[in-house]
Amino acid sequence: MAFRMTEQAYLVLLSLAEGPRHGYAIVQAVLGLSDGATRLGAGTLYGLLDRLGTAGMVEPAGEEVVDGRLRRYYRLTEQGSAAALAETARLRALARRARGALAARPALGGA
Amino acid sequence: MVDTGDHVRQDERSGYARSAARWMRAYPRRWRESRGEELLGVLLDLAPPGADRVDARTALDLVRSGSATRWRGRPPWPVWLRYRLVGWRMPTAYRGWARDDILGAGFWWRENVVALAIVLGFAMASWSAEGAGAPGWGYWAFCLGAFVTGAVYGSGYRQQQAMLKHVVLRAGDPVQPGAWVMQEVPRRRLRASSLLPWLAGSLLAAAVLLVTSVATAPKITHVLPTGPGSFETVVGPVGDRAPWLALVAAAAVLGGVLALVARRRLRTVGLEGPAQPRRRVVDLGRRRVASVLVTASWVVPLVWLETTGRLVLFLSVPLAMLVLVALPPVLVMTWTVRRERHDDLAARDVWTVAGHGRPPLPDGPEQRAVPLEVVGVAPWHARGTRPEDPPYPALS
Chain A
1 MAFRMTEQAY LVLLSLAEGP RHGYAIVQAV LGLSDGATRL GAGTLYGLLD
51 RLGTAGMVEP AGEEVVDGRL RRYYRLTEQG SAAALAETAR LRALARRARG
101 ALAARPALGG A
Chain B
1001 MVDTGDHVRQ DERSGYARSA ARWMRAYPRR WRESRGEELL GVLLDLAPPG
1051 ADRVDARTAL DLVRSGSATR WRGRPPWPVW LRYRLVGWRM PTAYRGWARD
1101 DILGAGFWWR ENVVALAIVL GFAMASWSAE GAGAPGWGYW AFCLGAFVTG
1151 AVYGSGYRQQ QAMLKHVVLR AGDPVQPGAW VMQEVPRRRL RASSLLPWLA
1201 GSLLAAAVLL VTSVATAPKI THVLPTGPGS FETVVGPVGD RAPWLALVAA
1251 AAVLGGVLAL VARRRLRTVG LEGPAQPRRR VVDLGRRRVA SVLVTASWVV
1301 PLVWLETTGR LVLFLSVPLA MLVLVALPPV LVMTWTVRRE RHDDLAARDV
1351 WTVAGHGRPP LPDGPEQRAV PLEVVGVAPW HARGTRPEDP PYPALS
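Just so you know, the sequences run in chain order A and B.
By the working numbering, the letter at position 84 of the first sequence is numbered 84, and the numbering carries on one by one without gaps.
Position in the second sequence (from 1) plus 1000 gives the number in the working numbering.
What the hints contain is simulated information worked out from the structure, not anything from laboratory work.
Beta carbons are placed, not taken as given, at the ideal position from N, Cα and C, and that holds for glycine.
Some clues are possibly wrong.
[Said to hold, decoys possible] Derived CB-CB ranges, DEER-like:
1) B:Ala1141 / A:Gly56: 50 to 58 Å
2) A:Gly56 / B:Gly1104: 25 to 33 Å
3) A:Gly56 / B:Arg1170: 24 to 32 Å
4) B:Pro1078 / A:Ala98: 43 to 51 Å
5) A:Gly32 / B:Gly1050: 19 to 27 Å
6) A:Gly32 / B:Leu1164: 45 to 53 Å
7) A:Gly56 / B:Arg1082: 27 to 35 Å
8) A:Ala98 / B:Arg1082: 49 to 57 Å
9) A:Ala95 / B:Leu1164: 53 to 61 Å
[To be verified] Far from chain B, some chain A residues (derived; all Cβ distances over 12 Å):
10) Met5
11) Tyr10
12) Ala17
13) Glu78
14) Glu87
15) Arg90
16) Leu91
17) Ala95
18) Arg97
19) Arg99
20) Gly100
21) Leu102
Can you make the complete structure from the sequences, with help from the hints?
So, in structure tokens, the structure goes:
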């Protein structure tokens, strides 16, 4: 099944761009990247990691136990980096077209 | 903004973790085994301070994501139908799904419910077509009884057979995380102090009921000779009950003699056996208790039917004889085990001594399906082995 790039999946890929992170750190990074708009639940996060893992975009990168809690780290694969870059390029192109469309609108009348 | 997530105090963790674990049951068993601990860690990190249970939003998120994970891991419909209806072996890619299905609660019901629905559907259709009306409650009670009896007897065996067929590796199968192999393990034996009281109690109850039936059942089938080499059968009152009661009494006397023999053997041979390093003594467990009770409870409708004259006196006589032959020796064995406080004794040993008059023998191991301990960590999203993987990992 083809991977469908959603905004949440894109944000997870971006959160791993700096380096490997564990689940909780990904949630925090996504919160920061989305300026507080996307607060991933644990279930949603692991659904995304499953899909991204199956698509070969992320992979586990070791684990550690902190305060009795298992933390598994994930990192981007080359394929994941490429997907994030492609999505970024798509969004950049979209933003450029959006600016063009908005610039071409007729000036609003009134005072 | 960055939250360390360490605000769930140790004493609060257990309540929250228990609540989270309950909601995590939405995920498939194999997923929980490989990644459940990790998900729980994140849930605990994200938990608000002082929370002792999962809030509604998180619970909904877990149920939604867990169901989606189940949905993604399911076999396609044609494969599922072949597996469920015809019993085709699950393809390698869905062996983990099959393992969860087989080991999950209610496997026997899932396996049979489709067949049962088809049978009942045809039955209902034919009844309504002939205008005979719905079958009476006795029919449904019998069906339910047969189904429950099948469940308590058949489910364990069917589960083992299904594991052997779908999950246990065969020659040429790729090795995957979650695969099972046949391995020699200590032989499981039922604990005597766990089995014998249930057995004795059930036999005693059955004996009381069956003897009551023999003593009070109103009707019997009479065989009347009508000429040389011909006869007819007529249902009528029992009349002289003495021969039937005498048969039952004779069985009870035989049982008493066997009990004396068993008692003498238990005293002279003794219950001390050799060391049993290849044995694991287990308690009866819910399923086996249920099978003992279900077996015994079949006597209740039989006795009711015979004592109310809905059935002729027939089955109660041989059943009462069987039960009365078995009951006294079982009572002696139960009493001996209880008196001598042999808690680690297998019921098998008691039977060897009391039934055969020889000391217990050491058990050998048995072959059972066990999870394969893969050496090294398999990738959590692995779908099969890669060419460079060893062909068959060592067992730990």
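Okay, the hints, checked on the actual structure:
The hinted window of 50 to 58 Å between B:Ala1141 and A:Gly56 holds, with their beta carbons roughly 57 Å apart. Our hint of 25 to 33 Å for A:Gly56 and B:Gly1104 holds, since their Cβ atoms are close to 30 Å apart. Taken as a hint, the range 24 to 32 Å holds for the pair A:Gly56 and B:Arg1170, whose Cβ atoms sit roughly 29 Å apart. Separated by about 46 Å at the C-beta atoms, B:Pro1078 and A:Ala98 satisfy the suggested range of 43 to 51 Å.
One distance hint, 19 to 27 Å for the beta-carbon pair A:Gly32 and B:Gly1050, holds here, with the actual separation near 25 Å. Range check, A:Gly32 to B:Leu1164: Cβ separation about 52 Å, and the 45 to 53 Å hint holds. Checked against the hint of 27 to 35 Å, the C-beta distance between A:Gly56 and B:Arg1082 comes to roughly 30 Å, which is consistent with it. Between A:Ala98 and B:Arg1082 the beta carbons are some 51 Å apart, a value that agrees with the proposed interval 49 to 57 Å.
Checking the proposed 53 to 61 Å range against A:Ala95 and B:Leu1164 shows it holds: the Cβ atoms sit about 59 Å from each other. Its beta-carbon lying about 17 Å from the closest one in chain B, A:Met5 satisfies the requirement of being farther than 12 Å from that chain. Every C-beta of chain B lies more than 12 Å from that of A:Tyr10, the closest at about 18 Å, which supports listing it as non-interface. With a cut of 12 Å on Cβ distances, A:Ala17 stays outside the contact zone with chain B, its closest approach being about 18 Å.
Annotated as non-interface, A:Glu78 keeps its C-beta farther than 12 Å from every C-beta of chain B; the closest such distance is 16 Å. Non-interface call for A:Glu87 relative to chain B: holds, since the shortest CB-CB distance, roughly 21 Å, exceeds 12 Å. The Cβ of A:Arg90 sits about 25 Å from the closest Cβ of chain B, beyond the 12 Å cut-off, so the non-interface label holds. Every CB of chain B lies more than 12 Å from the CB of A:Leu91, the least distance being 24 Å, so the non-interface label holds.
Against the 12 Å criterion, A:Ala95 stays outside the reach of chain B, whose nearest CB is about 26 Å from its own CB. The Cβ of A:Arg97 lies farther than 12 Å from every Cβ of chain B, with a closest approach of about 33 Å, so its non-interface assignment holds. No beta-carbon of chain B comes within 12 Å of the beta-carbon of A:Arg99; the shortest separation is about 30 Å. Distance check on A:Gly100: its Cβ is at least 35 Å (rounded) from any Cβ of chain B, clearing the 12 Å threshold; non-interface status holds.
At roughly 32 Å, the least C-beta separation between A:Leu102 and chain B is larger than 12 Å, which holds for a residue marked as non-interface.
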